[in-house]
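Protein chains in written order, with the working numbering: chain A, 1 to 311; chain B, 1 to 298; chain C, 1 to 247.
Everything labelled a hint here was simulated from the structure, so no lab data went into it. No experiment lies behind these values; they were computed from the predicted model shown. Mixed in with the good hints there might be a few duds.
Said to hold, decoys possible - Listed next, the stretches of chain B that the computed footprint assigns to chain A, with coverage defined by at least 3 CB atoms under 8 Å from CB atoms of chain A:
1. 51–57
2. 63–69
3. 99–106
4. 109–115
5. 157–167
Stated by the list, open to error - Derived CB-CB ranges, DEER-like:
6. Y99(B) x E120(C): 57 to 63 Å
7. W129(A) x E100(B): 51 to 57 Å
8. N172(B) x G19(C): 37 to 43 Å
9. D136(A) x A284(B): 24 to 30 Å
10. G198(B) x G13(C): 52 to 58 Å
11. L142(C) x P290(B): 23 to 29 Å
12. A284(B) x P114(C): 56 to 62 Å
13. P271(B) x D141(C): 42 to 48 Å
14. S69(C) x D186(B): 44 to 50 Å
15. L286(A) x L169(B): 54 to 60 Å
16. L291(A) x K173(B): 42 to 48 Å
We put the beta carbon where it would ideally sit given N, CA and C, even for glycine.
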Amino acid sequence: MRRSATPFLPLLLLAALLALPQVLPRFHTYVASIVLLTALLATSLNLAIGYTGLYQFGHAVFYGVGAYGTALVLTRSGMPAPVAFLVGPLAAAALSLVMGLICIRLSKLYFGMLQISLGSLVWAVVYRWYSFTGGDDGIHGIPLPDAIASPKGSYYFTLTVTALCVFAMYRIVRSPFGKVIQGIRDNPVRAAAIGVDVRLHQLASLVIAGFFGGVAGSLFVVVENSVFPDMMFWTFSLEVLIMCLLGGMYTFFGPLVGASVIVLLRVFASVHTQYWSLILGTILTLVIIFLPDGVLGRFVRRSLPKEDRGA
Amino acid sequence: MDFAANLFSTGTLSQILVGLSRTTILFIVSSGMSLILGVLRIPNVAHGSLYMIGAFAAWTVIQFLGGGLFAFLAAMIVAPLIVAVVGFVLERGFFSYLYEREHLMLLLLTFSFALILGDLVKIVWGPEYRSVTVPAFFQGSAEIFGLPLPWYNLFLLLVGPCIAVFLWLVINKTKLGKIARAAAVDGEMVGAVGINTGWIFAFTFVLGSFLAGLGGALIAPMVNISLGMDHSLIIETFLIVIIGGLGNMWGALLGSLIFGLTQSLGILVWPQFGIAFPYLAVVAVLVVRPRGLLSSTW
Amino acid sequence: MLRVESVVKSFGGFKAVDGANLHVNAGEIVAVIGPNGAGKTTLFHLLTGHLSPDSGRILFKGKEIGGLSPHVICRKGITRSFQVVNIFPRLSVFENVQIAVLSRERKTFRIFSPVAGMAEEEVHRILRSVGLFDQRDVESDLLSHGDKKVLEIAVALSGNPELLILDEPTAGMAPEETERCIRLIRKLSGESGVTILFCEHDIALVFEIANRIMVMVRGATVVQGSGEEVRRNSEVQSAYLGESGGC
Numbered sequence: 001m002r003r004s005a006t007p008f009l010p011l012l013l014l015a016a017l018l019a020l021p022q023v024l025p026r027f028h029t030y031v032a033s034i035v036l037l038t039a040l041l042a043t044s045l046n047l048a049i050g051y052t053g054l055y056q057f058g059h060a061v062f063y064g065v066g067a068y069g070t071a072l073v074l075t076r077s078g079m080p081a082p083v084a085f086l087v088g089p090l091a092a093a094a095l096s097l098v099m100g101l102i103c104i105r106l107s108k109l110y111f112g113m114l115q116i117s118l119g120s121l122v123w124a125v126v127y128r129w130y131s132f133t134g135g136d137d138g139i140h141g142i143p144l145p146d147a148i149a150s151p152k153g154s155y156y157f158t159l160t161v162t163a164l165c166v167f168a169m170y171r172i173v174r175s176p177f178g179k180v181i182q183g184i185r186d187n188p189v190r191a192a193a194i195g196v197d198v199r200l201h202q203l204a205s206l207v208i209a210g211f212f213g214g215v216a217g218s219l220f221v222v223v224e225n226s227v228f229p230d231m232m233f234w235t236f237s238l239e240v241l242i243m244c245l246l247g248g249m250y251t252f253f254g255p256l257v258g259a260s261v262i263v264l265l266r267v268f269a270s271v272h273t274q275y276w277s278l279i280l281g282t283i284l285t286l287v288i289i290f291l292p293d294g295v296l297g298r299f300v301r302r303s304l305p306k307e308d309r310g311a
Numbered sequence: 001m002d003f004a005a006n007l008f009s010t011g012t013l014s015q016i017l018v019g020l021s022r023t024t025i026l027f028i029v030s031s032g033m034s035l036i037l038g039v040l041r042i043p044n045v046a047h048g049s050l051y052m053i054g055a056f057a058a059w060t061v062i063q064f065l066g067g068g069l070f071a072f073l074a075a076m077i078v079a080p081l082i083v084a085v086v087g088f089v090l091e092r093g094f095f096s097y098l099y100e101r102e103h104l105m106l107l108l109l110t111f112s113f114a115l116i117l118g119d120l121v122k123i124v125w126g127p128e129y130r131s132v133t134v135p136a137f138f139q140g141s142a143e144i145f146g147l148p149l150p151w152y153n154l155f156l157l158l159v160g161p162c163i164a165v166f167l168w169l170v171i172n173k174t175k176l177g178k179i180a181r182a183a184a185v186d187g188e189m190v191g192a193v194g195i196n197t198g199w200i201f202a203f204t205f206v207l208g209s210f211l212a213g214l215g216g217a218l219i220a221p222m223v224n225i226s227l228g229m230d231h232s233l234i235i236e237t238f239l240i241v242i243i244g245g246l247g248n249m250w251g252a253l254l255g256s257l258i259f260g261l262t263q264s265l266g267i268l269v270w271p272q273f274g275i276a277f278p279y280l281a282v283v284a285v286l287v288v289r290p291r292g293l294l295s296s297t298w
Numbered sequence: 001m002l003r004v005e006s007v008v009k010s011f012g013g014f015k016a017v018d019g020a021n022l023h024v025n026a027g028e029i030v031a032v033i034g035p036n037g038a039g040k041t042t043l044f045h046l047l048t049g050h051l052s053p054d055s056g057r058i059l060f061k062g063k064e065i066g067g068l069s070p071h072v073i074c075r076k077g078i079t080r081s082f083q084v085v086n087i088f089p090r091l092s093v094f095e096n097v098q099i100a101v102l103s104r105e106r107k108t109f110r111i112f113s114p115v116a117g118m119a120e121e122e123v124h125r126i127l128r129s130v131g132l133f134d135q136r137d138v139e140s141d142l143l144s145h146g147d148k149k150v151l152e153i154a155v156a157l158s159g160n161p162e163l164l165i166l167d168e169p170t171a172g173m174a175p176e177e178t179e180r181c182i183r184l185i186r187k188l189s190g191e192s193g194v195t196i197l198f199c200e201h202d203i204a205l206v207f208e209i210a211n212r213i214m215v216m217v218r219g220a221t222v223v224q225g226s227g228e229e230v231r232r233n234s235e236v237q238s239a240y241l242g243e244s245g246g247c
C-alpha cells in the first residue's frame with residue numbers, strides 16, 4: 001500500500017466533520033451520521049475481502065447482530081448502556097467466529113455462498129422470532145442515554161467511535177498481522193510454506209471484521225433508535241461490497257469513499273425515484289466494466305493479473 | 001409442540017408429497033443454476049430474477065390468452081422462452097466480455113443484473129401482487145394413499161422427472177451437451193480444438209435461463225407473484241447446489257430433495273422455525289463433505 | 001537427517017510416486033534427478049506437507065512428518081522454494097523476506113505495532129547474503145525471472161531452516177544467473193551448514209555441486225549415491241543419461 005496524500009488531509013477532514021452539525025440542518029447531520037457508520041461497516045468488510053481475500057458475502061449479518069444485540073440489551077435487560085455497546089459487537093464477533101469455523105474449510109466461492117446462506121438463516125430466525133426480536137416489525141423507540149440521544153449528540157458519538165475504530169483498523173493493516181493476511185490473500189500456499197497457520201489468521205481476520213461490523217450496527221441503533229431484520233439481508237451485504245468495490249478494494253480509504261458516495265446517492269435518489277436498485281445495479285455494472293480498481297484504486301495500483309479460475 | 005404426534009400423523013405423508021412437488025420447482029431452477037455454474041463458472045445471482053420474470057411473464061401470457069388450459073400450457077412454453085431471450089441478451093451483451101475476470105467480479109456483475117432486472121420488473125408490471133389461478137383442468141385433488149393431493153401438485157411431481165430425463169439426454173447424449181461438459185472441465189482445451197466456446201457458453205446460459213423461467217412459470221399458480229420472489233429463491237438455490245456439488249445435475253436433484261423434504265418436515269414439526277431445517281441440513285452435509293455430496297466439476 | 005522410506009502416492013489410478021527412498025545427512029547437498037514425470041516434484045510436495053503419502057514413512061530427525069501441514073513442517077525446520085515462482089507479488093523484495101522472518105519469530109499476530117521497520121537488520125542480512133539488497137524496495141512482481149527465483153530462495157532461507165529444499169532452482173535462468181545460483185548454493189551450504197536438497201534437470205550442474213545424487217524413474221528410486229556410482233549404474237544409463245529430461 002502506498003502512502004496516501006499528506007497527513008494534513010485527514011486532520012482537515014476531521015475538523016470539517018467536527019464542525020458539521022453546527023452549520024448544517026438536522027437532516028443533513030443525520031445523513032452524515034449514516035455515512036460515517038456505513039463507512040465504518042464498509043471498512044470492516046474490506047478487512048476480510050480486500051486485505052485477506054476472503055469472499056465475505058454475508059457481512060451484513062454482523063451489522064445486524066451488532067445492532068440487535070445492542071437494541072435488545074437496551075430494551076430488555078436492565079443493564080446500563082455501555083454494556084449494550086459492548087454486547088452488540090461482541091455478539092457479532094462471536095457469530096463471526098462460529099460462521100468462520102464452519103465456512104473456513106471451504107475454498108473461495110463455497111465460502112461466500114455458504115456465508116450468504118448462513119446469514120440468511122440468521123435473518124430468517126430474527127424475522128420469525130416475533131416474541132423476542134419483534135419479527136418483521138423490528139424494534140423501535142430504543143431508549144438511549146441523554147447525551148447521545150439528540151441528533152447532535154448521536155452524531156458526535158458516531159464520529160468519535162467511527163474515528164477510533166477506523167484508526168484501529170488502520171493500525172491493524174499496517175501491522176505484521178496486516179502484512180501476513182495480505183500475503184495469505186496473494187499466495188496462501190507460500191504463506192503456509194513459511195510457517196504461517198493460514199486458517200488461524202483468516203479466522204482472526206474474520207472475527208475482527210465481524211467485530212467492527214457489529215460496532216457499526218450499534219452505531220445505527222444510536223442514530224436511528226430502531227432496528228429491523230432487513231439490516232442483515234443479503235442484498236445489503238452485497239451493497240456494502242459494492243461500496244468497497246467502488247472506492248477501491250485494495251486501498252484502505254477506498255471503502256470510506258465508496259460508502260459515502262453510495263449513501264449520499266441513495267438518500268438523494270430516494271427523494272426523486274423509487275428505482276434505487278436500478279441505479280445501484282447500473283453503477284455496479286459500470287464500475288465492474290470500467291473501473292475495477294475503484295475510484296481510489298486508479299491512484300494506487302493496478303489489479304493483480306487474472307487469477308487462476310479454480311474454486 | 002407435540003413433535004412426535006405431528007411427525008407420524010397422516011398429515012406427514014401429505015406434507016411430504018407437497019414438499020416433493022415443491023422439490024420439482026427447486027430442481028428445475030437449481031439445475032439451471034448448476035449448469036451455468038458448472039460450465040461458465042458463474043454463480044448467477046440473477047437466477048432468481050429470471051425465475052421471477054418467468055412467473056410474471058406467465059401471468060401476462062395467461063391474461064393475454066384469456067385463461068383456461070390452452071393459455072396455461074402456452075404460458076409454460078412462452079414464458080421460459082422469454083426468459084431465455086433475456087438470458088441470451090445478458091450473456092452475449094455483457095457476460096461474454098468479462099469471462100476473463102475474477103469470480104468475484106462475475107458474481108457482482110450477476111448481482112448488478114439482479115438489481116436491474118428486479119427494478120425492470122417493477123417498471124413493467126408494477127409493484128402489486130399478481131396471481132394466476134390453476135386452470136380448471138388441474139383443479140381439485142386426487143386421492144393418493146387415501147389423502148387428497150391437489151392435481152396440480154401431482155402434475156408437478158410428474159413434470160419433474162420428465163425435465164430431469166430431458167436434461168440428462170441433452171447433456172449426455174447430444175453432441176452439444178458433450179462439448180459443454182468438456183468445456184466445464186477444460187474450457188481452454190475445447191477452444192484449442194477449434195470449437196467456438198462462445199456459442200457453447202451462450203447455449204448453456206440460455207438453457208439455464210430457460211429452466212429458471214420454467215420454474216417461475218410452473219410455480220405461478222401456487223403462489224403470489226410478487227417482487228420479493230427473486231430474493232428468497234436465490235438463497236435456496238445456492239444452498240441446493242452447494243449441498244449437491246457445484247455443477248452436478250444429479251447433485252441438484254439430490255439437493256432439491258433434501259431441501260424440499262427437510263423444509264416440509266421441518267414446518268410440520270416446528271411451524272415457527274421449520275424453515276431453518278434445510279440450513280441445518282446444509283451445515284451438516286458440509287461438515288462431513290465440504291465439497292458437496294456428489295462430485296463437483298470444480 | 002531426512003529419511004524417506006518406500007513412499008507411495010497415487011492420484012486416482014496414477015502412481016506418481018511408487019516406492020521412493022532417500023536419505024539425506026546433515027550438511028550435505030543432495031540432488032534428485034530423473035526424467036520428466038518421474039515424480040520429483042510430487043516427492044517434494046510430500047516432504048513439505050502439501051501432499052500426504054498413501055503409504056511409507058518420511059522421517060525428519062527421527063520423527064515422522066508425513067501428512068503434517070506445510071506450516072507445521074516449516075516450523076520443524078524444513079523450508080522450500082517452488083518450481084514455479086511463488087512469491088508475494090504485490091509486496092516488495094524487502095517485505096517478502098520480512099514476512100518470512102516475522103513468521104519465524106512468531107510475530108504474526110501483532111496487530112498494533114507498525115510493521116514498517118521490523119526485523120530490518122535480519123532482512124537486510126538475508127538480502128545481502130543472496131545479493132538482492134540493492135533491489136530491496138522493488139515490487140517483487142517486477143523483478144527479472146532470475147531474481148525472482150533468488151528471492152524464492154531468500155524467502156525459504158528466512159525460516160532459518162535446517163533442511164532447505166529447492167525445486168528446480170535454476171529453471172528458466174540465463175547462464176550467468178545460473179552461475180550465480182550455483183555459487184549461492186555452495187555458499188549457503190559452506191557458510192551456514194544448512195542441508196540442501198534440490199532437484200534439477202541441468203545435469204552438469206548437479207554433478208558439479210551435489211555430494212550425492214538420487215535418481216528417480218517412474219516414481220521409484222533407482223539409485224542413490226555419489227556422482228560416480230550414479231554414472232556407472234546401468235539402469236540409469238539406459239533410462240536417463242543421454243536423454244534430455246526434466247523435473
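Structure-based check of each hint:
1. Counting residues of the region 51–57 of chain B whose CB lies closer than 8 Å to any CB of chain A gives 0, so the stated coverage by that chain is violated, three being the minimum.
2. Residues of the region 63–69 of chain B lying with their CB closer than 8 Å to a CB of chain A number 0, which falls below the three-residue condition for coverage.
3. Coverage of the region 99–106 of chain B by chain A holds. Counting CB-CB distances below 8 Å, 6 residues qualify, and the rule asks for three or more.
4. Judged by the Cβ-Cβ criterion of 8 Å, the region 109–115 of chain B is covered by chain A as claimed, because 6 of its residues qualify and three suffice.
5. Only when three residues or more bring their CB closer than 8 Å to a CB of chain A does the claim for the region 157–167 of chain B stand; here the count is 0, and the claim is violated.
6. Here the CB-CB span from Y99(B) to E120(C) is close to 44 Å, at odds with the stated 57 to 63 Å.
7. At roughly 45 Å, the beta carbons of W129(A) and E100(B) sit outside the given window of 51 to 57 Å.
8. Taken as a hint, the range 37 to 43 Å holds for the pair N172(B) and G19(C), whose Cβ atoms sit roughly 39 Å apart.
9. Roughly 28 Å separates the CB atoms of D136(A) and A284(B), a value that falls within the hinted 24 to 30 Å.
10. Distance hint for G198(B) and G13(C): a CB-CB separation of about 35 Å, inconsistent with the stated range 52 to 58 Å.
11. With their beta carbons about 37 Å apart, L142(C) and P290(B) fall outside the hinted range of 23 to 29 Å.
12. A C-beta distance of roughly 44 Å is found between A284(B) and P114(C), which places it outside the suggested range of 56 to 62 Å.
13. Taking the beta carbon of each, P271(B) and D141(C) are about 57 Å apart, not inside 42 to 48 Å as hinted.
14. Between S69(C) and D186(B) the CB atoms are about 29 Å apart, so this pair departs from the stated range of 44 to 50 Å.
15. In this structure the supplied range 54 to 60 Å is violated for L286(A) paired with L169(B), their Cβ-Cβ distance being about 41 Å.
16. The given range of 42 to 48 Å is respected by L291(A) and K173(B), whose C-beta atoms sit roughly 45 Å from each other.
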